[in-house]
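J.: Spelled out, the chains give:
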Amino acid sequence: MKETTKETNLPRILIVDDEPAIQRFLKTALANGEFALFQADNGHAALSATVTTKPDVILLDLGLPDLDGVEVIKRIRQWSQVPIIVLSVRDREADKVHALDAGADDYLTKPFGVGELLARIRVMLRRSLQQAPEPVYRIDELEVDLARRLVLLRNEPISLTPTEYELLRLLVTNAGKVLTHRQILKQIWGAVYLEQPHVLRVNISNLRHKIEKDASRPRYILTESGVGYRFRSEF
Amino acid sequence: MRSLLLFKRLYKAEISRQESKDAAFQYKGDEQPIAMSLAQEEMRPSPEAMLRVAQAEEQGGGRGKLKIFLGYAAGVGKTYTMLEAARQQQQAGRAVVAAYVESHGRTETDALLEGLEILPKARREYQGVLLPELDIDAALVRRPQIILVDELAHTNVPGSRHEKRWQDIEEILAAGIDVYTTVNVQHFESLNDIVTQITGIAVRETVPDSILDRASEVKLVDIPPEELLQRLRQGKVYVPEQAAWAAQKFFRPGNLIALRELSLRRTAARVDDEMRTYMETRAIPGPWPVTERLLVCASGSPYSEKLIRTTRRLADELKAQWVTVYIETPSLARQQQENRERIWHDLRLAESLGAEVATITATSVAEAVIEYAVRHNVTRIVVGKPAKSRWREILRPPIVDQIIRLSGAIHVHVVSINGTPATTPVSRLHKKTRPVASWFEYLGSLILVTAATLLSSLVMPFLSPTNMVMIYLLAVVVAAVRLSIKPAMLTAALGVLAFDFFFVAPRWTFTVNDTEYIFTFLGLFSVGVVISTLVTKAKDRSEALRERELQTESLYYLSRDLAAAVDMESVMTAVMKNISATLDAQLAILVPHGEQMEISAISKDLTLDNKELAVADWSFRNHRQAGVGTETLSSAQLLYVPLQSTASFLGVLAVKLEKISDYRSPHHRRLLDAFVTQISLAMERVHLAQQAEQAQVLQARESLERALLNSISHDLRTPLVSIIGALSSLRDENLQINDRRSHDLLDGAWDEAERLNRFVGNLLDMTRLEAGELRINKEPCDVQDLIGCSLAALEQKLAGRDVSVKLEKGLPLVSMDMVLMTQVLVNLLDNALKYSPADSFIELRAQTNAHYLIVEMLDRGPGVPEHDLQRVFDKFYRLPVPEGVNGTGLGLSICKGIVEAHQGTISAENRSGGGLRITIQLPL
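These protein sequence lines map, in sequence, to chains A and B.
Residue numbering for the first sequence follows my numbering, starting at 1 and increasing by one per position.
Residue numbering for the second sequence follows my numbering, starting at 1 and increasing by one per position.
It is possible that part of the hints are untrue.
Just a sample of chain B residues kept apart from chain A, beta carbon distances all over 12 Å, derived [as the list claims (entries may be wrong)]: (1) Gln88; (2) Ala138; (3) Arg507; (4) Ile531; (5) Gln586; (6) Asn610; (7) Ala695; (8) Ser728; (9) Glu779; (10) Ala793; (11) Pro837; (12) Gln870.
What the simulated footprint calls covered on chain B by chain A, stretch by stretch (three residues with Cβ under 8 Å from a Cβ of chain A suffice, anywhere in the stretch; the number is not a length) [stated by the list, open to error]: (13) 801-815; (14) 818-824.
Straight-line alpha carbon distances no greater than 20 Å define the calculated PhoX-like cross-link-like pairs of lysine-lysine that follow [to be verified]: (15) A:Lys213 to B:Lys809; (16) A:Lys210 to B:Lys809; (17) A:Lys54 to A:Lys27; (18) A:Lys213 to B:Lys806; (19) A:Lys74 to A:Lys54; (20) A:Lys110 to A:Lys27; (21) B:Lys249 to B:Lys236; (22) B:Lys834 to B:Lys797; (23) B:Lys577 to B:Lys604.
It should be emphasised that the hints constitute simulated quantities derived from the structure, not laboratory data.
No residue lacks a Cβ here, since even glycine has one placed at the ideal position from N, Cα and C.
Given these sequences and hints, build the entire structure.
T.: In structure tokens:
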């Protein structure tokens, strides 16, 4: 574990990767004065660094020399809800779902653009720094008032079934974060429905028809193909 | 067979140690002086001589060495000397095993056996008695360096693998194990009849001379006859009681001296032979005789065995090669149906004596012999002195005379074959019989004569008696054509008698008044005989022709079918179809499959049990015929003939003939040989064709892989050029690059990096698809979501392009792997974007029919040349495209792979008005 930045009141980011080239690249890309950067090059170092440095976001590579990345996620999740963004060359959806189900918050497949990474980090930071959830969620033309159970599109109220509302509420409160099919099914319908993904698809489809301008090109509810859904947090 | 066994026991004898030592005369064949003077180098050995040596050495390679302990009678100490030699070898550290040694209770011999590993003997039951035999399988499994086997000439119990022990030994030698064995000189085939002449006792157990010729060492075990007789008196020679009288007859000084001389001369001849080979190979000049070649005929007569032995001795003296031919003439063929066993026996004898053997079908024996002789450069023909009586010679010149007349430059040796004909077990089993015309043929001749007489009496008032002869002549002609020769002659004789009795004055008596009629009678009779002889000959000839025609025809059909056969299966079909009918046989073809023989084709109703398969296996491994009709494993139900080509051994043909005697019939054998050659050739051809095809496929694959590799390395390197180029120019501080230019460079590098990433992704997908690793994870999917995902993935590229999506209302959820299908649509969209003009219209449609979801992607690009419409889905297919468009050539083949993994179809067609339509159908 290395501390590379002294300023302590900046958001703290822990970079876990065993490839020196990637470490170097991430350090350079993120060294814009916005973050305090910490590094670890194996699973065990990552676990102890999480304890000692108390990062606000962890960037985690899955292919570590000593521990599998998913195992690292599980161990951290036993005591901390710190946002974890997985950075991996494993691009198969099963790998992504596996990591997300284990507790990761987002997943970026290598190679990626720095802009994309920064955007994801900011979403995570906003979520982790936000103390109490806001009762009203506003994005573009959509407004969701969680306190009043009200959904407005271009200031016009739209009617949703209770399930659709619950679905939207779940997505909105996790805006910017990928939710896997299993996570959504479990939260809305319960564990019995884990193997019934079509229920989810039909409801998403219906929800889209109600809130999206063109259901073929959704702007709010984005499909993470083979993984799950993500509610867009900013334009 | 039992009597043979007894006979062998009779002469089994052992002697004590001291005497045997002093007289042992040893001669070694494989030790040759090494020095060769340089002056001799110019005189090069003849190629033939070198070839012979090379062949002998080749045979020696990998083969075990045979050492023969040769004696002239039982009791000279062969077994003892062999054991002594074996002990010496054992002390020298070689692994020696006694596989079959008979000590007959002699303590001296037993003492020598002590300390040697003794292999248990196999016990075989024969007529209720358990007889000890050499256990050849145990010997082969044990695999020592030297195996001791007593009594080379022993005949095995019927039902053993080989008929004779020398064949067992041959197999052991072939397995690369050295063998020590013992034998008495009278057992050698070529000396067999001489020994019989000397001793008056026929020796039935014989060994081919070639065994002695090929042995690498022959040790003569010799003691003076007086000593041997003394030992016999002292009871030191093992003689079973029941055979004491024969022993007395055998162990006479005269006999022993003669046998001793034979054994000494036989060994000396071998030394002479070795010397000759040595001189020849080193080109030592000497008076070498011109190469001679002898020919002798086998006829199946009781004398031909003697003739064959005589020829072998003659050939030995002349150092000549020799051939034995059997000429099958149609008339002989008929007579010799029963005689085939004898002929077969004669030919086998000749073969075991070292002759080449040939069988020829011809009408004239003499002509065929001369023709064969001329064609094969025969220098001498050996014939027997005719035994026919004088008057028959006048009627029909003996074959000897015919041969002498036709022989030209070829010498003819006429040898005496008087004396008792050699009797063989075969000849005793089959009494020589001439075919007897059936009784109704004679009845027919009687009827013919009666009819002629009746007719003559009818026309008597109108004809003179001399002309009535014509009517009888007609009867004779009819008889000659319809009946066989004897009834025809009878007709002639009866006709003369009837004519005389009924019509010649005085009638009703056999007396003749007019002596002129005697001439009429003679004329009638001789015309009858001549006609019937001629007709018979003509019949024979046409029969021979027909048989040959049949053979040629069946061979022709087989070879025609085989020539058309392109694979093993059709070869098998052709064989089954043609051979079973011609030979009236059931067949099976076995080919090696791993360690075992597997039946590749088999006649209906024929089954091969494990025992039969083992015989086939033996035949294949030893490259020799086996089974019924051969000397090996003759208790088998079928005959097994190995199928071999010049280069390889392809399998075994198993044949089950109608009758047991057919296995030994030259006719069947000849046909079978011809068939086997044809089958082997065809199998080899198919084999080679398959190999060539495989080589071609391999080559095609190699060239494809080379093209792939070239393409891949090109696609991987090209993006790196711009990336490295851009980065290096930005990194170089000496280059004054303004913001605008650096921005352009970075843009270029970025695009290329993306392209490289895409390409690597595609390659990985393709590899997964081809490795079968890609598992389709089907789930019910929303088609709209699918299309949305695809569009989202290409969001940046789609900027400014007009893509219209047309979805049928109420599309159901369709079961598919959403991730993979998204990739399909992304690839298709990407292509459409790349290949169509920037301002053109791209359309995506989805609808369903009863069974399928149909997704169409339409663009207004250049389309694809008609003949390439199928190829667009091939790996690394790329359209000749305008500058700046670059793809990996993998996109569409990945699409195809994914769609087909969904049991769907994907196709491309050109649109009217330009552009391409890609249609995907997925089962609902």
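J.: Next step is simple, just say for each hint if it's right about the structure.
T.: Results for each hint:
1. Gln88: holds, 70 Å
2. Ala138: The assertion about Ala138 (chain B) holds, with a minimum of 61 Å to chain A.
3. Arg507: holds, 124 Å
4. Ile531: Ile531 (chain B) is indeed farther than 12 Å from all Cβ atoms of chain A, at 101 Å.
5. Gln586: Holds, since 61 Å exceeds 12 Å.
6. Asn610: holds, 53 Å
7. Ala695: It holds; Ala695 (chain B) is separated from chain A by about 39 Å at its closest Cβ, greater than 12 Å.
8. Ser728: Given that every Cβ of chain A is farther than 12 Å from that of Ser728 (chain B), nearest at about 18 Å, it holds.
9. Glu779: Not fine: 5 Å to the nearest Cβ puts Glu779 (chain B) too close to chain A.
10. Ala793: Since the minimum Cβ distance to chain A is about 8 Å, Ala793 (chain B) lies within 12 Å and the statement is violated.
11. Pro837: For Pro837 (chain B), whose nearest Cβ neighbour in chain A is about 23 Å away, the distance exceeds 12 Å, so it holds.
12. Gln870: Non-interface label on Gln870 (chain B) holds, nearest chain A Cβ at 30 Å vs cutoff 12 Å.
13. 801-815: Check passed, 3 qualifying residues.
14. 818-824: It holds, with 3 qualifying residues against the three required.
15. A:Lys213 to B:Lys809: Given that 20 Å is the threshold and the Cα spacing comes to 17 Å, the pair holds.
16. A:Lys210 to B:Lys809: With Cα atoms ~16 Å apart, Lys210 (chain A) and Lys809 (chain B) stay inside 20 Å; holds.
17. A:Lys54 to A:Lys27: holds, 18 Å
18. A:Lys213 to B:Lys806: holds, 15 Å
19. A:Lys74 to A:Lys54: Given pair Lys74 (chain A), Lys54 (chain A) holds - Cα atoms ~17 Å apart, limit 20 Å.
20. A:Lys110 to A:Lys27: Holds, at about 16 Å.
21. B:Lys249 to B:Lys236: holds, 18 Å
22. B:Lys834 to B:Lys797: Within the cut-off at roughly 10 Å; holds.
23. B:Lys577 to B:Lys604: holds, 12 Å
When the structure is compared with the earlier hints, violations turn up for hints 9 and 10 and for no others.
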